[in-house]
Amino acid sequence: MNGKKGKIWEENVIIETITRLMVPFIQIYALYVMVGTEGAGGGFQGGVVFAASIVLFTVTFGISKGRKRLPESWNAALNSLGLYLYAGVGLLCIVLSLGAAQYLNYAALPLSQIMSPAHTRALMISDVVEVGIGLTVMSIFASIFFDLAWKGEGKKNKDKNKGDKEVQE
Amino acid sequence: MEQLIPIPYRPLLAILCPAIGSIFIVLFGKRPNIRESWTMLASIAQFLIVFSMVPIVIGGNGEPIKYTLFTAFPSVDFGFSVDAFGLIFAITSSFLWILVSSYSIGYMRSLHEHAQTRYYFCFCWAIFGAVGVALSGNLFTMFVFYEILTVSTYPLVAHDQTPEALFAGRKYLAYLLTAGGFFLAAVVITYYFTGTTDFVTGGIPNLASEASRTALMALFALFLLGFMKAAWMPFHSWLPTAMVAPTPVSALLHAVAVVKAGVFGIVRVVCYIYGVDLMHGLGLGLVLACLATFTIIVANLFALAQDNLKRRLAYSTINQLSLIIFGVALLSPEGIEGAMMHIPFHGFMKITLFMCAGAIIVVSGKKNISEMAGIGKEMPVTMIAFTIGALGMCALPPTAGYITHHFFVHGCEEAGGTMSFFPYVLLIAAILDVMYFFPIIYTAFFAKSEGSSGSKINEAPLFMLVPIAITATVSIIFFFYPDLFHISELVETAVSSLGGVHP
Amino acid sequence: MILSVVEQFPVLVIVVSLLSAFTILIAGWLNKKSCWVISFATILVQLVMAVFILHHVLTVGTIHYWLGGWSPPWGIEYVVDALNAYILVIVLSLALICVTYSKRSIAHELPQKIVSFYTLYQLLVTGLCGVTVTGDIFNMYVFIEIFSLSAYALIASRGKIALKASFTYLVLGSIGACFFLLGIGFLYSVTGSLNMHDLSLILPPLYENKVVQAAFVFFVVGLSIKMALFPLHTWLPDAHSFAPSEISAMLSGIIIEVSTYALIRVSFSVYTVAFIKLLPIFDFLCWVAAFGIIIGSVLAIAQYNLKRMLAYSSVSQMGYIMLAVGLSTSTHSALWGGLTPALMHILNHALMKGCLFLVAGAFIYKAELWNITDFQGLGRKMPYTCAAFMLAAISMIGVPPSVGFVSKVYIILACLESGKFIFVAVMLLSSLLNLVYFWRVIETMYMKRGEGEERSHSHSSSSKIDEIPLSMLIPVLTLAGLCIIMGVVWLTEIPLPILDQVNALFGLGRYAIP
Amino acid sequence: MILIDEPLMYAFVAFWIIWVAVRRKEPGRWLIKFCEGPLMTFARFIDFYVMRMAGFFVWVSKNPMVALRIKEKEVRLKVEKPVITPKKAEEYERGLEEVRIRYTKELPRLSLGASILLILLFFLVYLAMYLLTVH
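Chains as they are written, first to last, in the numbering used here: chain D, 1 to 169; chain Z, 1 to 503; chain L, 1 to 514; chain C, 1 to 135.
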């Protein structure tokens, strides 16, 4: 990385300050996109916006700091968590209805004391599922960004495929 | 026996003997004595079971013992149907297996051969295939065993693992598996035409009506190609090449099991698929007879030119196999009778010859006839046995060969027409036989050996000598008493129901 | 509608697998060894479910599962009939065997990438199951992409030249997927529906429509690429030979077969026999397949690298399957009519090729042996592995009573019935060619002595046995044993009623309307 | 029939034995010579060519593209050799050598572009079939 270890960015007070200011707002906006509106949709976009905030942070403060905020393990965990939310709610429908309803049949969730089946459906789709999608998208985008930016790791994979050469010949 | 094993299970059990034996052989691979006693045990057990079916089949008046494992296609069972003809082949191979097992022990140990476990293992499976072919009740089952036989003999042919042996193995497989392809096609087409592949005495009834004349001709050609194991010319060259195998293999497989499976198949197809009448109607008998005659003569001419004893015997085998085909091609009861009888007779005689050749190799390492001057004085028993076998090949009394030759000549007469010309062919063949077998005997007994190795008697180990003596004796007994092992009774039972004399 | 537990299984097979894929990702951070356990357990559970599904389908009838309770054609519907259930069981069985095998082999080959390997593997299984159970054509496309993407990544996982192979596959696979997607688009533009059953109801009056016909062409071409039908097989040899062996086994044994399944599904469930009989497309496919059979075998002879050789052999075997599919509309026998030979060979090929690739992997695992010429003396060193190879190779050649033999007989009977004698000759020739290239390997393994290995005169001095670990050996031996056992089972006609149900579904074989 | 057949056989056997006893040599040397000489040569000739043909097929299948090119060049060299200058012939031979070297090295492998071209061709064939066959 340009000979110097670690730092290729310039410490710039203006950028840092603005980033510090912007990131929370971007993230709140992302949440709004995800769940703030009524009806389905927005999970993906919200996730992307959220990832953008992380990207912005990393660009400003350097990759190691960025990685520290969102460690790889966390990334994997969030990634899976999103999917768990999405698929888990679907499974809940089966489990809570004791197998009577289909997968993703949110109307079957036993929330009838609180709201009507139609409302349950809407709530699940627009909030829970969207959050799940958002989380996964966010973590995937972040990890793509880190993978592209993080150069040093690639060397670790030693390929011991001697056969390849022979085959190539 | 009757109480011990219920009759219908006997064919299955007979087949299973070598299969089970092979497992124990592998398990005891590290302890030669136990391993080899398993071979002996399996072979004896198999022979006893096979033999126990003889009275039932003869008593049952041609009614076969049937055992079906499962049905593979509608009206195509995977199962056995033991009739008189099948029993002849089964008895021959299972009895000779006992002798060859003993002979193998002597041979393999004397030569300190490698990979003996593999050898015995594959031998078992080869016998499994051969007896399976003999007892199978339809073409489909037969094909299955036929292929097993091919594959399991490959390691035996290539046993030496020298480049030459590997080449022979490859050639062997290339010929025989190609043949298998043709055979499969023939089986499937037969099934497609008639809806059955069962062996029916006198031929499958609706075969003639379902297929056109040309189709039947083509189908027969496919069958013939499929039975390349019978080594008819010009598709014979795998057999002499395969002689690089250890001698017991040449003896049992290339004198009895493998090649006889091919001939057996041809007889089956002629008598039990096409039927004598249809064959005659199509004029295929004459075609087959011409093919056989060609092979008989040319194989003999080739045999004349060989100096390597085993190769000469191989060409003699080709000749004798075609003699069997010739017998069937006559399409007359006596001809077919001769052909069926020649399967065990030739088996016993040729195995004697091969085992003698092996004994010579073990004792003196000599493979070529020109080196064998005076060997008769060193190994009198072996060479006397060889002489008996050779006489049999030349169809001279007092050996089994005379009997069948007699049948063939009668068969020609019976068939009449063009066929009555063929005894002269047999005569020429016999003369040629004399021309290449007698010199061997002459060289062995009367020619003077160059080195004065003295005339000290130096015989092969008893493990080898005893089987040789037994087969040679049996070859002579057949002359006086063809009903040994009920062979002639079985043949009569088989032929009596075939019918069809065509003047 | 009240669902029985088994009727929930089609979706659970996929969801469980998907969840497990991401669980592996997390668990891998905590303990790398847990990845294999989770993957194995999941696939085992899936297999059990698949078996239940198969049983349910056979005894009760087709399962229709409406996701989220939305009724088709608006909602996505999973439909499991005899065909899917059968394929599903095959997919999961081989997946289970491969995952068992991978435990040691991946730890040895890709120690750095265990977590990602199992995650991707589980995703691959998810995709394959998804394609199999879905009754919605767009959903099928999505799952095709899921398994393809995982396959690209898995092939690339060994790095270096595998990357190139993966890239070729990626490009060609994407083109194939594009064709498939275009086909879907065409159909949607005409019918406004994506549900297969719904489409099959709407389409018949539109069969003369050029768009509908073009859509079929798109489907055929797209899936032909995916299933490596000659001459669109060019991605396959590299991909097969450079992937980790268990992935090669999956690629050859399952992935291309599932693509074939997709083609069968599209041809007979979306379109119908009536449409196919309208056009000579299946005749054309027969010829293409016949050429593929011969040329694939010939090219296999040319290879020295075992895995490459097996890959070309797969091209030839796909030809068998496609030939059988091509003949399916013109055969009416109760036994070999319709799709029976094709479906039979799908299972058989999975068994044989799975076994062969796993054995090839075993040689690489043990001694980095890639080339056939290096196999000298292996028969003594690795007796069980070589015996397995031998059994599978014998099956490929078609020696009875192996599975290959049964396929061969059934396909030949089908050829005969449809009067195409030339294909009988092709089948026979190809089994000879198979003999040429497989026997070469067997000969080297058993009959040629290794360097420095003296001709041992007695049995005691046989060289040391150096076998692969048990967790790899058991899968290999299982597959090899199945090659023979299934052959006998096929001959006993026990599993044929399943295939008969498939024919009944599509109106093929003896259910065909003359 | 037997009347003729069998006595003739015994007669021959007797003749053979007497001949050997008297002449100390086997009768019918000429036949054996014929078999060992011309007949075996002929048989070997046939066998050799059959094996060579089989070998040729295997050789071609190992690298069909290059093998065909080698054959083509060989034939061309044979045909044109009498008419062209020695220098040119040498050039030809060099070309042939080059291809021969490539035979062992280069295995047929299609590039990505060629594969895509194949796909398109394949697709066109299908499409053409449709548009031509329907109505």
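Quick caveat, the hints were computed from the structure, so don't treat them as lab data.
Be careful, since some hints might not be right.
Stated by the list, open to error - Okay, derived cross-link-like pairs now, BS3-like style, lysine-lysine, Cα gap no bigger than 25 Å in a straight line:
1) Z:448 to C:87
2) L:448 to Z:30
3) Z:366 to Z:377
Here is how each hint holds up against the structure:
With a CA separation close to 65 Å, the supplied pair residue 448 of chain Z and residue 87 of chain C exceeds the 25 Å bound. A distance of roughly 22 Å separates the Cα atoms of residue 448 of chain L and residue 30 of chain Z; the hinted pair therefore holds under the 25 Å criterion. With a C-alpha separation of about 15 Å, the suggested pairing of residue 366 of chain Z with residue 377 of chain Z holds against the 25 Å cut-off.
In this structure, only the earlier hint numbered 1 is contradicted, and the remaining ones agree with it.
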